[in-house]
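**Student:** Listed below, chain by chain, are the residues.
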Amino acid sequence: MANDRETIMAKVRGALAPLKGRARMPDYDGGIELARKRANAADPMAEFAERLGAVNGEVVADPAALAATLRTRGWTRGYCDPALWPRIGPHFGADFTVETRFDRSRVDDYQFGITRGAGAIAETGTIILNDATTSSRLGALASWAHVAVISRGSLYSDLSEAVAALGQDPNVVWCTGPSKTADVEGILIEGVHGPGAQIALFVD
Amino acid sequence: MRTQPIDQAAAALPAETRAAVYGGSKVQHEKGRKLLFDHYGDPNRLRKLAGEIKRHVVENLDTLLPAVEARLMANGATVHWAATAEAACEAVHSILKARGATKLVKSKTMVSEEIGLADYLEKRGIEALETDLGEFIVQLDHDQPSHIIAPIRHKNRRQIAELFERNGLGAYDDEPAVITKRARQFLRHKYLGADAGLTGANFVVAESGRIVVVTNEGNSRFCLAATRCHIALVGIEKILPRDRDLALFLNLLARSATAQQLSVYNEFILGPRAPGQPDGPEETHVVLVDNGRTEVLASECRDILRCIRCGACLNVCPVYRQAGGHAYRSVYPGPVGAVLSPLLLGKRFPEKADLPKASSLCGACNEVCPVNIPIPDLLLRLRDRAHVEGVPSPGTPPMGMWALLATRPAAWRAALAGGRILNLLPTRLIPIPALRAWQLKRDLPPWRGGKFRKWLKMRRKQQGRGQSRPQ
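Residue numbers (this note's numbering), protein chains in the order written: chain A, 928 to 1131; chain B, 3 to 473.
Some clues are possibly wrong.
Claimed, not checked - Distance windows between CB atoms, simulated:
no., chain 1, residue 1, chain 2, residue 2, range
1, B, LEU363, A, ASP1036, 40 to 48 Å
2, B, GLY278, A, ARG949, 41 to 49 Å
3, B, PRO448, A, LYS947, 17 to 25 Å
4, A, ARG949, B, LEU363, 45 to 53 Å
5, A, ALA981, B, GLY278, 28 to 36 Å
6, B, ASN158, A, ALA981, 25 to 33 Å
FYI, nobody ran anything at the bench for these hints, they're computed from the structure.
Note that the structure is predicted; figures quoted are calculated from it, not measured.
Idealized CB from N, CA, C, for every residue including glycine.
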């Protein structure tokens, strides 16, 4: 493979050598990709809720509302980040069975997973997860519903701001609504491999 | 009359398939265009800018590639280089062998199709399972994808339901929600039982070494949550210079590929999982694949290496809509494939030299391209190359007489004037069979050969006078 590196680099250099000049990196204003109409840009929280709603996700107001929402849908078995449970658990009734360790051998037993989100993006309704804040990648992915608990202070306005905040976490994933596909006849189906429902809960 | 290979493929396409391809492509194109123009006052500015950035990348690969390599290694990834398809397959195989891995889950990557990875591994006793719903169906059916983004655009729900029934995935049910649910149930246990996960990369950032993987289904995320080893197959042209360029490119990619503001999953990977994270890879491998790209770089068509594989040019192309993806006999179909596929063959270029002719040169592919690739120009260059190299071109109408006239001004003028005889000639007596057949079905306007030249001469004379007039 060391040989392949030399082969490839020699061919790249050979291919580019005859060029009289090289295209320069264009200097552009970071705002150019944002030059578009945004209805709710003045109120990021409202914009986030509206954009997440547009991709069939939802925002719940507080832990009690979350418990009520899950109960209404019949989702009573789930996983929760052990660090979050002391704060959220008191709002959940005895009808819930919640584990704080995700057991991958029983992946189908979890109807919901509650994990921390590292942030959110208002312009797209995106939830940001990373390794530092997610207690279990599978816990946030494999259940039918995912609940991201996000600190109000980490709502970014747009993609540029969120890109600037990527940092050094080895794995950041932006999730915008439920997992989906349109592979079969172009018909939209939600819940392919990841969650079929995406819920955001903001806390102070 | 003999026709070109792509015409033959289009003619042989079942009506059902043509309807699926035509309808799907049209709807996708119109939705994407609406989204772009609804959101942006001047979307052309965005795609031209993105095109300039990628052009910079292509023309500076000699410095960007070593930069990417250094960043990847600093982040804890292992970098492998593969000059050929075989070398790339071997690289993946040896990574798996070193870990004693026998089960691989794959998310969608065009490079893996290009190098024939799944077959290569299956022959060596390694299960290599596609997890993208469309690719999974293609693999189950021993079929080929027909679109870069929508691999089963050529299939309908009934065919899929029958396929699932034959393969023990449940009794016949052609409801798309049921099909999807059955794949979900089957595949999640496959991820959890796999030893390694393989993805492509939509972008790799030179300044940070960030590998960016974009999906809607979440299958690449599942590969990266359930397995202990991540292998990313990356074409050497996939580089972006800086993190901040991602905002622009992710915006354009989602809109152009699937008519979304943003794809559902955008994953940014620096290396193995963080300490304390229970799920995800402890090893990250990046295989940088050439497989003909450096030949493209050395050619007059290097602009095609800007491509971000969104598939927008397929959706808009009148030829693709009629012929479908399989007609291109290549991993990359449509306008981008008509340029890229023959070039990637290197010395075997003549085998696919007919593909650049499968275009009316209408220019729609260039207009929708998020990185502004001048595809029609590149198609013309490849037609020229085929002509210069003397590649036989079965099915092309004979143009010898026209060429004779078009290269001799005096003969051309004489022909234009002489053509007036057609106005007097009864249709039945037209001496050229093709022209006679044409005329029997249609009324052409009267021959006015030479009128334009006269008009132009007159106009020049008048303009000349206009300029000399004192102000």
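**Student:** Could you tell me which of the hints above the structure violates, numbers in ascending order?
**Tutor:** 1, 3 and 4
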